[in-house]
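Engineer: Each chain, written out:
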Amino acid sequence: MARWTGDRAGSGLRLAAFGVVVFLYFPLALIILYAFNTQSALFTFPPPGLTTRWFEVALSNPSLWAALRLSVTVATIATVIALVIGSLLAAAVYRTRFFGREAISFVVLLPIALPGIVTGIALRSSFAIAGVPFSTWTLAVAHATFCIVIVYNNVVARFRRMSPNITEASADLGATGWQTFRHVVLPNLATALLAGGILAFALSFDEVVVTTFTAGNQQTVPIWIFERLFRPRQRPVTNVAAILVIVLTFVPVLIAQLLTREERQTGS
Amino acid sequence: MQMTARRRGPAARISGFFHRHPWSKLTLLLLPGLLWLGVIYLGSLVSMLIYGFWSQEEFTGLIARDFTLGTYGKLLEPAHRDIIIRTFVMAAAVSVACAVLAFPLAYYMARYATSRMKTVLYLVVIMPLWSSYLVRALAWRQILTNEGIMNWGLERLGLEGVVRAILQTPIIGGPSVIQSYFALFIAFVYLWLPFMILPVEAALERVPRSYLEASSDLGARPWFTFRRIVLPLAKPGLIAGSIFTFSLTLGDFILPSIFGQSQLFLGQEVFQQVGVIGNTPLAAAFTLVAMIIMVGYLLVSRRTGAFETL
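Chains as they are written, first to last, in our numbering: chain W, 1 to 268; chain R, 1001 to 1310.
Same shape as in the complex, but just chain W:
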């Protein structure tokens, strides 16, 4: 039992906290290990031998590259839509009080607070009713819907931290609304927009549930991995693709987190 008033954590608490960190990371380590496994159909531990052959097999597979292209395209379109809509909504909601303001922040949250199948099946139903065939665009629309909240949250947090005095000072010094926006507000928002954009991109890049229901025959990288999981051959190839996904998202997401560090510190 931890001592609640001491300045140092009890050893039990430290051990438990450390245990949770290990629990969070050892499966990721295993994914990397098995990408080098010489076996093609089993996950025997310890692996009987190691090889880099699967990297060549994966990287010479045209369907993986096609999936990567689709993922990047969809994530880019979704991110642009989310950036525009999310930041406009954030600008409207912060500081202005109006009827339905609370409802907006609730509805923005819904696409990620509700299970992915809800967004997926709902959009699939409306595409079917409207007679819209599945395409890159249906995917982008679906992804943008749950990415809006990421940008919105980042921008709202930045607005809250921004002193209202600076826009007033700008106006007092004779700047027009546009000048204030261009030279005062935008520079202050820049890193929040960048972070929101990166995270929205990463969320879209990784999404699989909504994608399954709005994709038709196209394959994004997660769908490519998912479909391969049911084939008994060349299993390490999926691990290679998995590493590819982790490597592509890890550094940008880390940057996004560092860019918004101050919001978290003042937020607490």
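Think of the hints as simulated: they come from the structure by calculation, not from any bench.
This structure is a prediction, so every number in the text was calculated from the model and none was measured.
We put the beta carbon where it would ideally sit given N, CA and C, even for glycine.
It is possible that some hints are incorrect.
[What the hints assert, rightly or not] Quick look at which bits of chain W chain R covers, simulated, 3 or more residues with Cβ under 8 Å: (1) 18-31; (2) 84-93; (3) 209-223; (4) 241-255.
Position chain R relative to chain W; hints supplied.
Structural biologist: Same frame as chain W, but now just chain R:
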């Protein structure tokens, strides 16, 4: 003012207009978002509701676009009812387990970690969330499979009997580890744990140290302080975290699918109805159940102030 009055370009005139008519500016800011969320998203939710009132013709497999209550009625069939209950119980169990596991690390971060350490731990917690959900689900299949690392480790420790005992336990057991509810439970807890740690940590940061000291000064034992002071103040964080752990478990079909779970879960049923059977109306009806459960939970939790820690 003179300066701006002298050279008024179109941009200045527009911003002047918005300044004089704040409502027009607000409308313009809100319009794209309202159209997107109001028409595309909420419109889609209504489409889903409508789809549930349609049905799949038994022989042709085509969708009959005639109003019927039959599809929603099918949810009450024992097999379908079991799917809903099974999923609900799993989501609840996973949420509770995440709360228990999240607490030590969240408490350590909020209370003892230096500012630098806190930043590091925050990144440590959040990075798995952003490293492919599918990859992490896949990792657990590789851990829990018969020839995998879990059995290897247990053999070294001489604990194979524990697994056998779990597998033989009715309900949570099964023919093999990977196909048991127990395996799903562990993997779900792993996948959603960071979603619980972050809001609990945020809530715990707001617990003033003086409260704990006062409690201790008044002679409360640690367990009493935990139950009566820390836990109630952590509640908004626990609720915020459970929104995600519950919601994500409720709709997941990936994990049960790749574990080869034969007792279907709600998301899996929806996936099969759409992908294999082509019965989108029944899939929509099932999805509506998940949606109603979550909207109810969201509305209740909003009153507890849980949204501030999201």
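Engineer: Does each hint hold? Answer for all of them.
Structural biologist: Hint check results:
1. Coverage of the stretch 18-31 of chain W by chain R holds in this model, with 10 residues showing a Cβ closer than 8 Å to a Cβ of that chain against a need of three.
2. Using a Cβ-Cβ cut-off of 8 Å, 7 residues of the stretch 84-93 of chain W lie near chain R, which meets the minimum of three, so the contact claim holds.
3. With a cut-off of 8 Å between beta carbons, the stretch 209-223 of chain W has 4 residues touching chain R; three or more are needed, and the interface restraint holds.
4. Given a C-beta distance limit of less than 8 Å, the hint that chain R covers the stretch 241-255 of chain W holds, as 7 residues qualify and 3 suffice.
When each numbered hint is compared with the structure, no violation occurs for any of them.
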